[in-house]
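Participant: Sequence:
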Amino acid sequence: MPTERLINALQSYGVRLADSRAGAPSRRGGAGPSDHKAMTIAGRTVMVPVHTESAFDSPFLVRRPDANGVAVIEHDGVVIGRATFPGKPRFYALSTFDGVPYSKIAVLHGRDVLATTVLQTCIRYQSRTKTCQFCSIGQSLAAGRTVAHKSPEQLAEVARAAVLLDGVKHMVMTTGTPNATDRGAAVLCESAFAVKAAVDLPIQAQCEPPDDDRWFERMKASGIDALGIHLEAVTPEVRARIMPGKASVTLERYQAAFEAAVPLFGRGQVSTYILAGLGDTPEAILAMAERLIAIGVYPFVVPFVPISGTPLESHPAPSPAFMHAILEPLAAMLTGADLRSTDIKAGCGRCGACSALSTYERAGGAA
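For the sequence shown, counting from 1, position 129 maps to 128 in numbering that gives the first Met the number 0; every step adds exactly one.
These are computed hints drawn from the structure, not numbers from a lab.
Computed from a prediction, not measured in an experiment: that's the story for all the values here.
For every residue, glycine included, the Cβ atom is placed at its ideal position computed from N, Cα and C.
Please note that the accuracy of each hint is not assured.
Said to hold, decoys possible - Straight line, CA to CA, 30 Å or less: simulated DSBU-like cross-link-like pairs of lysine-lysine: (1) 219 - 195; (2) 168 - 195; (3) 87 - 195; (4) 344 - 219.
Said to hold, decoys possible - Distance ranges between label pairs, derived from CB positions: (5) 41 - 213: 39 to 49 Å; (6) 141 - 331: 41 to 51 Å; (7) 178 - 100: 21 to 31 Å; (8) 142 - 266: 38 to 48 Å.
Hey, can you work out the whole structure from these sequences and the hints?
Facilitator: Here is the structure:
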């Protein structure tokens, strides 16, 4: 099976683990790739669901790693590949000057990206009539695995240690939405400024479109290298059903934000996260991707993962065939437009661990 098809299938179905202790700890709840575990397949480090309903019933089983750390991947008892697991990062053993474990401030995603949710709260999360139905941002906070607000000083301290101890190459800063004006841009600016003062680390910041495009200039000036403005869903009806609060920020506002941000950050340095499997058709996602690529925005399409404890915990994950119908033509569109994940300075698109998209890019380039 080609690598891109294997990774696509694993991320759609999830896997059963013979030894859940192998490698770095898996993540439950919170923002970002939740209920996943990092594993490296054919040189690509990817995040694969391991704590979801589909993973519990998955036809894929990852056996216990051997003495060399290599684990066999089986599909219904037939060996189809091998994987290794990134180890627990060394910076997890440390605590900040004010006594907070580093792992509560930021975590390792994929192989070499440091990720943090600066504000682990959101104005939309407290109301089920407004919250994004797939979101679990409050789960890790309620479980005591993180803190509500990571200070600029804490983020700078952890980022410097992660670079020195674990060779981290770039950083993702996301945030819950604190208000209906700057929508998190202000706290991201102060956080990025502090990190850049401590260590030379490329940073992607992620938030909803602020109400004033001048925030993009401030974000760039604060040291932010790449920007994530995430659509999640691409049609008005799906947006209204799945994320009723966030849908109040219209697609037209997103379009204007993209057009304002790309000239500042550069082609390919502005990206958007699109969750396939929420109700948008492949045709709708590809049509939106075509418009985004024309602006210079990188559409990072990932399979929706139903997370336990959310309203969509029983919603089915998209099939491998559904994802293949999107990722193969999307990779060709990106290559044709000379927008490549490898050229992104920081963030989810560069990491690529939550989607097989970058592997499709490489496969298409080789072909």
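Participant: Hint by hint, say whether it matches the structure.
Facilitator: Status of the hints after comparison with the structure:
At most 30 Å may separate the alpha-carbon atoms for a hinted pair to count; residue 219 and residue 195 meet this at roughly 12 Å. Pair hint residue 168 plus residue 195 holds up; C-alpha atoms about 13 Å apart against a cutoff of 30 Å. Restraint check for residue 87 and residue 195: satisfied, since their Cα atoms lie roughly 25 Å apart, inside the 30 Å limit. With a C-alpha separation of about 13 Å, the suggested pairing of residue 344 with residue 219 holds against the 30 Å cut-off.
At roughly 44 Å, the beta-carbon separation of residue 41 and residue 213 lies within the given 39 to 49 Å, and the hint holds. Roughly 43 Å separates the CB atoms of residue 141 and residue 331, a value that falls within the hinted 41 to 51 Å. Taking the beta carbon of each, residue 178 and residue 100 are about 29 Å apart, inside 21 to 31 Å as hinted. Taking 38 to 48 Å as the suggested C-beta distance range, the pair residue 142 and residue 266 conforms, at roughly 40 Å.
The structure meets every hint from the earlier list without exception.
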